[in-house]
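Chain order of the listed sequences is A and B.
Under numbering that gives the first Met the number 0, the letters of the first sequence match residues 0 to 725, in that order.
Under numbering that gives the first Met the number 0, the letters of the second sequence match residues 0 to 116, in that order.
The reader is advised that the hints may include incorrect statements.
[Stated by the list, open to error] Derived BS3-like pairs (lysine-lysine); straight-line CA-CA distance at most 27 Å: (1) Lys19/B to Lys677/A; (2) Lys444/A to Lys44/B; (3) Lys85/B to Lys4/B; (4) Lys4/B to Lys562/A; (5) Lys649/A to Lys612/A; (6) Lys410/A to Lys471/A; (7) Lys562/A to Lys44/B; (8) Lys579/A to Lys562/A; (9) Lys156/A to Lys205/A; (10) Lys82/A to Lys216/A; (11) Lys302/A to Lys444/A; (12) Lys87/B to Lys649/A; (13) Lys87/B to Lys562/A; (14) Lys44/B to Lys532/A; (15) Lys444/A to Lys19/B; (16) Lys113/B to Lys19/B; (17) Lys19/B to Lys85/B; (18) Lys113/B to Lys4/B; (19) Lys551/A to Lys649/A; (20) Lys562/A to Lys19/B; (21) Lys113/B to Lys649/A; (22) Lys113/B to Lys444/A; (23) Lys44/B to Lys649/A; (24) Lys4/B to Lys612/A; (25) Lys85/B to Lys562/A.
[Unchecked claim] Just a sample of chain B residues kept apart from chain A, beta carbon distances all over 10 Å, derived: (26) Ile7; (27) Ser11; (28) Ile15; (29) Gly22; (30) Glu33; (31) Glu42; (32) Glu53; (33) Ser59; (34) Val64; (35) Lys85; (36) Leu94; (37) Ile103; (38) Lys113.
No lab work stands behind these hints, which were simulated from the structure alone.
Since the model is a prediction, treat every value here as computed from it, not as a measurement.
All C-beta atoms in this analysis are idealised placements derived from N, C-alpha and C, irrespective of residue type, glycine included.
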Amino acid sequence: MEPEIQNAQIRNNYLLFYVVAIISLCLKIVLDSIFVLADRSPASFGLISSTILAISFVTGLFIARFVQISTLILQHRAGNSGKLILDGAGRIILITLIVLLAGSLLLVIFTDNNTSYGMFESIILNIVGATFLYVAIESIFFIYFALQIRRHEKTKKFSRILAFGTLVIYVLVLLGKYAQDTNNPLAGISAFILCILLLLTIGRTKWIALLTKQEKKKLVWLSALGFFVFTFFSVQCFTESATAYSRPIEFFLSGSATIVGVSMMFCAIYTARLFFPALVALPTASAVDRRNSEVSSLTHLNKIIAETIDFDMLIENLTQRALEVSRATGAWCELYPSSGERTIASYKFINQDQIDWLYSYSAFDQLIGQTTVTTLIESFDEDKNLAPIASFPKPIARSLIIVPLYEGLSKIGALIVLNTQSFGFENDDLNVLSSFGDNISVALKNARLIRESISHERIQQEIQVARQIQDKLLPQKIPTISGYDIAPYSLPATEVGGDYYDLITLRDGKVAIFMGDVSGKGVPAAFYMAELKGVVLALAQEVRGARDFLCKINATLFGNIEKQTYITLSCVVIEPNSPKISLARAGHMPFLVKQHGGVSVVTPRGLGVGLAKPEIFDALLEEYFLDLEVGDACFLFTDGLSERQNLQDKDFGYEPILDVLRSPSAESAKTIIKEVMKSVEYHAGTCAQHDDMTCLAFIYRGNGAINQIKSLPPNDRTSVDESENV
Amino acid sequence: MSETKFTIEHQSIGEIKCLKIQGYLDAHTAPQLESALGNLVEEGKHKIIVNFSELDYISSAGLGVFMVYIEDVRETGGDIKLAEMKPKVFTVFDLLGFPMLFEIVENNQAAIAKFAN
Chain A
0 MEPEIQNAQI RNNYLLFYVV AIISLCLKIV LDSIFVLADR SPASFGLISS TILAISFVTG
60 LFIARFVQIS TLILQHRAGN SGKLILDGAG RIILITLIVL LAGSLLLVIF TDNNTSYGMF
120 ESIILNIVGA TFLYVAIESI FFIYFALQIR RHEKTKKFSR ILAFGTLVIY VLVLLGKYAQ
180 DTNNPLAGIS AFILCILLLL TIGRTKWIAL LTKQEKKKLV WLSALGFFVF TFFSVQCFTE
240 SATAYSRPIE FFLSGSATIV GVSMMFCAIY TARLFFPALV ALPTASAVDR RNSEVSSLTH
300 LNKIIAETID FDMLIENLTQ RALEVSRATG AWCELYPSSG ERTIASYKFI NQDQIDWLYS
360 YSAFDQLIGQ TTVTTLIESF DEDKNLAPIA SFPKPIARSL IIVPLYEGLS KIGALIVLNT
420 QSFGFENDDL NVLSSFGDNI SVALKNARLI RESISHERIQ QEIQVARQIQ DKLLPQKIPT
480 ISGYDIAPYS LPATEVGGDY YDLITLRDGK VAIFMGDVSG KGVPAAFYMA ELKGVVLALA
540 QEVRGARDFL CKINATLFGN IEKQTYITLS CVVIEPNSPK ISLARAGHMP FLVKQHGGVS
600 VVTPRGLGVG LAKPEIFDAL LEEYFLDLEV GDACFLFTDG LSERQNLQDK DFGYEPILDV
660 LRSPSAESAK TIIKEVMKSV EYHAGTCAQH DDMTCLAFIY RGNGAINQIK SLPPNDRTSV
720 DESENV
Chain B
0 MSETKFTIEH QSIGEIKCLK IQGYLDAHTA PQLESALGNL VEEGKHKIIV NFSELDYISS
60 AGLGVFMVYI EDVRETGGDI KLAEMKPKVF TVFDLLGFPM LFEIVENNQA AIAKFAN
């Protein structure tokens with residue numbers, strides 16, 4: 000709101016001065032027409048009041064214009080000053096021309112050469128004189144505006160000196176006049192100094208170079224016209240004859256002719272100063288325009304490249320911009336997908352049929368196909384193979400530029416720019432189009448990087464989802480089984496694996512312990528693991544033992560999962576408070592068993608689930624029955640543990656686990672797990688974990704022994720809870 | 000491991016095709032072997048030897064590849080025979096029960112002899 004109020008105040012201020020000027024003018028005209036017939040001697044009341052009114056008119060106008068122009072300059076923001084000056088020059092020259100013609104006409108028709116004035120003649124003289132003064136003030140402020148708007152500090156200072164210097168000359172002339180001093184050198188000298196100052200000040204004409212060709216042409220014509228008009232006007236002001244312009248000005252305000260003449264002279268000098276650079280800039284104008292449009296096109300293209308990940312839009316824009324910056328009459332962009340035919344991605348001022356027609360010439364096809372760097376074919380006539388294309392009265396093309404587009408090192412497309420004339424392109428076309436090609440390569444690389452990062456993000460999310468599914472599929476809590484101490488452990492790798500373990504209570508109260516691994520990794524593995532869990536739960540109520548369970552799982556899954564997918568699965572069935580256990584193994588890692596004081600690797604024969612049809616699978620699957628003593632233990636694990644490598648590529652193997660089982664410290668399932676993990680970490684050192692590590696240990700505690708959680712010392716309890724939640 | 004190179008070398012021994020696989024066969028490189036086997040089966044070459052002499056590692060996904068085409072080639076009287084496995088690689092096959100499903104032999108000659116029978 001505030002700037003608007005300020006603007007309104009300023010407008011009111013200068014409107015007030017305009018009003019003062021107009022009232023003064025009207026009063027003077029009336030006063031003069033009354034007094035002109037009676038008396039016009041220098042000291043008369045009529046002449047003095049008339050002079051005061053005239054000065055009031057001039058001063059009012061001067062201040063009003065000054066405030067108005069200053070406001071304009073304040074509001075102006077840098078950028079288009081060249082255009083503003085051009086518009087200003089156009090306006091002031093037009094006004095001056097009209098005033099000049101109209102004034103001359105009025106003077107010739109209505110005035111005579113007599114020194115006495117009629118009432119009507121005085122009105123005409125007053126109006127014409129006032130108008131001439133108005134033009135003079137207007138022109139002075141045009142130069143003031145033109146210099147101020149450049150915003151160059153030195154120029155601004157000079158222009159202020161200029162504006163007020165003119166005022167000083169005026170005062171000096173007036174003083175001379177009224178002191179009856181006909182030969183007043185002060186005014187002439189100051190005018191001369193100001194002219195020099197003006198010439199120095201208007202040296203900066205760089206803005207002319209930035210005008211468009213159209214504007215430069217306009218400036219040349221305007222400044223030439225302006226020069227003649229202002230010079231004529233100026234000369235007229237310094238001439239003393241009845242029809243000369245000095246007469247009405249002198250009539251209006253004695254002594255003002257000089258100031259009008261000086262203003263007009265300034266304008267003449269200024270327009271002359273504009274004329275020459277504009278004229279010189281004209282021949283290069285179209286080149287400068289082209290360069291400007293190239294720069295803006297490249298800027299635009301770069302902006303698009305930076306912002307666009309939409310490849311089609313990029314190609315569309317490329318074709319459009321290529322037409323803008325070169326002397327082309329048509330263009331298209333084609334792409335070579337890794338699989339399939341050449342496709343025309345976008346075309347301008349040419350159609351698919353015409354492109355196909357061009358390609359019907361094998362020489363053309365070869366030319367496009369074999370071009371590896373941006374190439375200019377100046378004329379088809381020079382190549383006898385291509386000449387037939389240009390042999391028509393209105394050919395599609397007589398010259399062309401080929402810009403191959405690369406993604407990395409592979410050529411993925413080409414931009415083809417045509418001209419219907421031979422030698423229609425020049426070297427700068429080649430340069431700018433070549434830089435287009437480079438930019439597009441960068442854009443393609445960007446687009447690819449963005450695509451990759453998006454897909455990477457998606458994969459990360461998939462892995463997250465798969466891991467959540469997997470976590471839910473593993474037992475959230477280990478059931479307590481009387482007579483047994485059981486502890487599982489699972490350490491996931493960054494990549495989702497298919498490790499599975501479970502404890503399932505069967506119909507007869509026995510418990511089946513599973514340890515398994517789905518082949519492959521990632522989302523598919525997690526998916527099959529979910530399927531396996533479903534099958535295991537569904538079969539739990541109808542199986543009779545470890546072997547039976549695995550056979551039924553295979554019978555259900557075989558043929559229903561992908562051929563290359565299989566599941567390795569170990570199953571131990573235990574009975575609460577009973578030392579008898581049964582073991583079966585479907586292609587999984589062996590059982591490591593501590594029994595009767597010794598340790599052994601137990602490997603019953605068996606195929607992976609899903610590898611063979613039930614007849615073969617069932618026939619090959621063995622089941623072992625073991626009788627445990629109190630303190631005997633069994634260890635189940637996945638290959639993520641036994642194949643955990645160290646920096647020397649050596650697998651962890653079974654031996655360290657057997658060592659743990661042998662050691663007398665292995666008195667609880669939790670301790671066994673802890674010791675094995677300690678051992679595997681020591682083995683692996685800094686070598687990264689690639690696969691999930693899952694294992695489970697159980698110890699037979701004897702008939703009626705309390706469950707494992709109560710049997711553990713208090714400080715171990717929290718860690719057991721942790722492992723249950725993994 | 001996934002960065003390590005995996006290559007397949009094609010050899011022809013009469014009507015028998017031999018794929019000599021080298022390097023690491025895991026979830027990332029398995030599709031290469033699968034397409035190589037698939038091409039042979041499509042061409043009607045159903046007597047295939049896969050030579051493991053220079054294979055250093057095989058993962059569960061790598062093992063699965065052999066299951067994809069085994070039924071197809073056996074239906075037409077062909078077979079996929081696995082030859083010259085390093086002990087470590089054999090252990091993986093053995094645990095899974097592969098020796099009960101595939102013929103795993105000493106070397107190419109043994110495989111050719113088996114085909115001749």
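Here is what the structure says about each hint:
Under the criterion of a C-alpha separation no larger than 27 Å, the hint pairing Lys19/B with Lys677/A is inconsistent with the structure, at around 40 Å. As the CA atoms of Lys444/A and Lys44/B are separated by approximately 42 Å, the hinted pair breaks the 27 Å bound. Of the pairs offered as hints, the one joining Lys85/B and Lys4/B holds, with about 18 Å between alpha carbons and a cut-off of 27 Å not exceeded. In summary, the hint linking Lys4/B to Lys562/A is supported, as the alpha carbons are separated by about 25 Å, within the 27 Å threshold.
For the proposed pair Lys649/A and Lys612/A, the alpha carbon gap of about 36 Å is over 27 Å, so the pair is violated. Restraint check for Lys410/A and Lys471/A: not satisfied, since their Cα atoms lie roughly 49 Å apart, outside the 27 Å limit. As the CA atoms of Lys562/A and Lys44/B are separated by approximately 20 Å, the hinted pair is consistent with the 27 Å bound. With a CA separation close to 36 Å, the supplied pair Lys579/A and Lys562/A exceeds the 27 Å bound.
Between Lys156/A and Lys205/A, the direct Cα distance comes to roughly 19 Å. Compliance with the 27 Å bound is thereby established for this hinted pair. Distance check on the hinted pair: Lys82/A and Lys216/A sit about 13 Å apart at the alpha-carbon level, within 27 Å; holds. Between Lys302/A and Lys444/A the CA atoms are separated by roughly 15 Å; this keeps the pair inside 27 Å, and the hint holds. With a C-alpha separation of about 11 Å, the suggested pair Lys87/B and Lys649/A falls inside the 27 Å cut-off, and the hint holds.
Between the alpha carbons of Lys87/B and Lys562/A the distance comes to roughly 24 Å, so the proposed pair stays at or under 27 Å and holds. Only pairs whose Cα atoms come within 27 Å are accepted, and Lys44/B paired with Lys532/A is rejected, the gap being roughly 39 Å. This hinted pair does not check out: Lys444/A and Lys19/B have alpha carbons roughly 37 Å apart, beyond 27 Å. For the suggested pair Lys113/B and Lys19/B, the alpha carbons sit about 18 Å apart, so the restraint of at most 27 Å is met.
Annotation: proposed proximity of Lys19/B to Lys85/B holds, straight-line Cα distance about 13 Å (limit 27 Å). The suggested pairing of Lys113/B with Lys4/B is violated, with an alpha-carbon distance near 31 Å, which exceeds 27 Å. Taken as a hint, the Lys551/A and Lys649/A pair is broken in the structure, with Cα atoms around 37 Å apart against an allowance of 27 Å. At roughly 23 Å between alpha-carbon atoms, Lys562/A and Lys19/B fall within 27 Å of each other, so this suggested pair holds.
Straight-line distance between C-alpha atoms of Lys113/B and Lys649/A comes to about 35 Å, which puts the hinted pair past the 27 Å bound. Proposed proximity of Lys113/B and Lys444/A is contradicted: the alpha carbons are some 53 Å apart, above 27 Å. About 38 Å separates the Cα atoms of Lys44/B and Lys649/A, which puts this hinted pair outside 27 Å; it is violated. Between Lys4/B and Lys612/A the alpha-carbon distance is near 34 Å, which puts this suggested pair outside the 27 Å criterion.
Annotation: proposed proximity of Lys85/B to Lys562/A holds, straight-line Cα distance about 25 Å (limit 27 Å). For Ile7/B, the shortest C-beta to C-beta distance to chain A comes to about 17 Å, beyond the 10 Å cut-off, and the non-interface label holds. Non-interface call for Ser11/B relative to chain A: holds, since the shortest CB-CB distance, roughly 26 Å, exceeds 10 Å. Even its closest Cβ contact with chain A, about 23 Å, leaves Ile15/B beyond 10 Å, as expected for a residue assigned away from the interface.
For Gly22/B, the condition that its CB be more than 10 Å from all CB atoms of chain A holds, with the nearest at approximately 13 Å. Distance check on Glu33/B: its Cβ comes as close as 7 Å (rounded) to a Cβ of chain A, failing to clear the 10 Å threshold; non-interface status is violated. Look at Glu42/B: its CB is around 20 Å from the nearest CB on chain A, clear of 10 Å, so calling it non-interface holds up. For Glu53/B, the requirement that its beta carbon stay farther than 10 Å from each beta carbon of chain A is met, with the minimum near 16 Å.
Distance check for Ser59/B against chain A: the nearest CB is about 4 Å away, which does not clear 10 Å, and the non-interface claim fails. Not every beta carbon of chain A lies more than 10 Å from that of Val64/B, the smallest distance being close to 6 Å; the non-interface claim is violated. With a minimum CB-CB distance of about 13 Å to chain A, Lys85/B clears the 10 Å threshold, and the non-interface call stands. A beta-carbon of chain A comes within 10 Å of the beta-carbon of Leu94/B; the shortest separation is about 6 Å.
The Cβ of Ile103/B lies farther than 10 Å from every Cβ of chain A, with a closest approach of about 14 Å, so its non-interface assignment holds. Interface exclusion of Lys113/B from chain A stands, the closest Cβ pair being 20 Å apart, more than 10 Å.
Comparing the model with each earlier hint shows violations of hints 1, 2, 5, 6, 8, 14, 15, 18, 19, 21, 22, 23, 24, 30, 33, 34 and 36; every other hint is respected.
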